[in-house]
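Since the structure of chain D is provided, determine the placement of chain R on it from the hints.
Chains as they are written, first to last, in the numbering used here: chain D, 1 to 214; chain R, 1 to 214.
No lab work stands behind these hints: they were computed from the structure.
These figures come from a predicted structure and were not determined experimentally.
Hints should not be assumed to be uniformly reliable.
Anything over 10 Å on all C-beta distances counts as not near chain D; from chain R, calculated [claimed, not checked]: (1) D36; (2) K39; (3) R70; (4) E74; (5) Q78; (6) G80; (7) D105; (8) Q128.
Covered stretches of chain R, going by a simulated chain D footprint (3 or more residues, C-beta under 8 Å) [unchecked claim]: (9) 44-53; (10) 188-199.
By construction, the Cβ of each residue, glycine as well, lies at the ideal position given by its N, Cα and C atoms.
There are 2 protein chains.
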Amino acid sequence: MRLNTEQIEALDNRYRALFINALSGFKGANLIATCDDRKNTNLAIFTSVFHIGSMPPLLGMISRPHSVTRDTLENIVQTGHYTINHVNASIVQQSHQSSARYDKDISEFHATGLKEQWLDDFPVPFVQQSRIQLGMKLREQHQLEINNTVMIIGEIIYINIKDDVVHQDGYVDIERAGSIATSSLDSYHRTDMLTQLSYAKPDKLAEQLTHRKK
Amino acid sequence: MRLNTEQIEALDNRYRALFINALSGFKGANLIATCDDRKNTNLAIFTSVFHIGSMPPLLGMISRPHSVTRDTLENIVQTGHYTINHVNASIVQQSHQSSARYDKDISEFHATGLKEQWLDDFPVPFVQQSRIQLGMKLREQHQLEINNTVMIIGEIIYINIKDDVVHQDGYVDIERAGSIATSSLDSYHRTDMLTQLSYAKPDKLAEQLTHRKK
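Here chain D stands alone, though its shape is the one from the complex (with noise of 0.2 Å):
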């Protein structure tokens, strides 16, 4: 199937929506959890959380325009921060519940069953049943011109985890902590390790990392 811009123009709306965001590729399923100064809280499912940098640690959402997650983002606004939880094979369906359109009043986390979890004084709760958190500071925010998105950066300032997924290099073994993949609009995907390969040079192939030591 070879489509141009024209011919991607003609797709039904439903059809564009699930074919277009399959096309980046694999893509991580997170919990974004807020509330706002009265501690009533939101949560939401988001596929698009990326890495911008480790130094500082930084993230990057995007926020659509008119959609239910933009609770999220007025109560980001509102308080100046927000946690990242990763979705796990056993929390899916209660976190793609969680982009149903409830009624302001109503708390995703009561509607879905997934529970607030309030850690260190951090002002945002987090999902208890996640095996990764973050705790978020809303840094940055753009409205890109382009389509009305708007795109949230924000510095991971706490981090709870699982040691048992941390390995002695630093690497966190995701998959182990039963983390997801998503594609397109309503896929989850578990995944099985492929390979992890050693810093590539130019001189030599980058081979297979046999030794990591948890």
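Chain R only, in chain D's frame:
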């Protein structure tokens, strides 16, 4: 393991790079192919491609400062175009190898054995061994002041994809296409479909899709 900002900052640089790069969750693995005005080609693996919107069809990616991917950025600005090619399991090692710092006069295509494919007069090559190939037009670039990375926003103006992985409703089975997921800086994972869920509504739990047709 619980870490706060001071503890994150105190981590050894290599440890922190492996550690923080894992925290956004699974990522797509994509080969970005470019050329300069004289058709000298360049190829680099990126794990930061993310979905911005489907109408118009937009993808973003992050280019780091002073990294091997600078040639990629210079070429994109020079020609206004680039291609995104999914990495599949059979080209993982060659794709990873494209991240080595080759001299500027050596194309990573030649160095790695990945093959240039020139399609339908598109001004930039695709990767022949890739089964999902996207032709991109540069739309915006933003320097992120916070850490000097550059965010590139491109529009998908050409799509070449095998018919047998596209379903009737527009869903693209990238798992069947062999596309893989990555984590941290050096790990590659096959996937295994866990579930596909219906559009979530407040009054009803999302259900497993069983009727998706080829």
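Cross-check of the supplied hints:
Distance check on D36 of chain R: its Cβ is at least 20 Å (rounded) from any Cβ of chain D, clearing the 10 Å threshold; non-interface status holds. For K39 of chain R, the requirement that its beta carbon stay farther than 10 Å from each beta carbon of chain D is met, with the minimum near 22 Å. No beta-carbon of chain D comes within 10 Å of the beta-carbon of R70 of chain R; the shortest separation is about 16 Å. Every C-beta of chain D lies more than 10 Å from that of E74 of chain R, the closest at about 19 Å, which supports listing it as non-interface.
Non-interface call for Q78 of chain R relative to chain D: holds, since the shortest CB-CB distance, roughly 21 Å, exceeds 10 Å. With a minimum CB-CB distance of about 14 Å to chain D, G80 of chain R clears the 10 Å threshold, and the non-interface call stands. Against chain D, the non-interface label of D105 of chain R holds: every CB pair exceeds 10 Å, the least being about 12 Å. The Cβ of Q128 of chain R sits about 15 Å from the closest Cβ of chain D, beyond the 10 Å cut-off, so the non-interface label holds.
A stretch counts as covered by a chain when three or more of its residues have a beta carbon under 8 Å from one of that chain; for the segment 44-53 of chain R and chain D the count is 7, and the coverage holds. Chain D is given as covering the segment 188-199 of chain R, and this holds because 12 residues of the stretch bring a CB closer than 8 Å to a CB of that chain, at least three being needed.
Hint violations for this structure: none, all hints satisfied.
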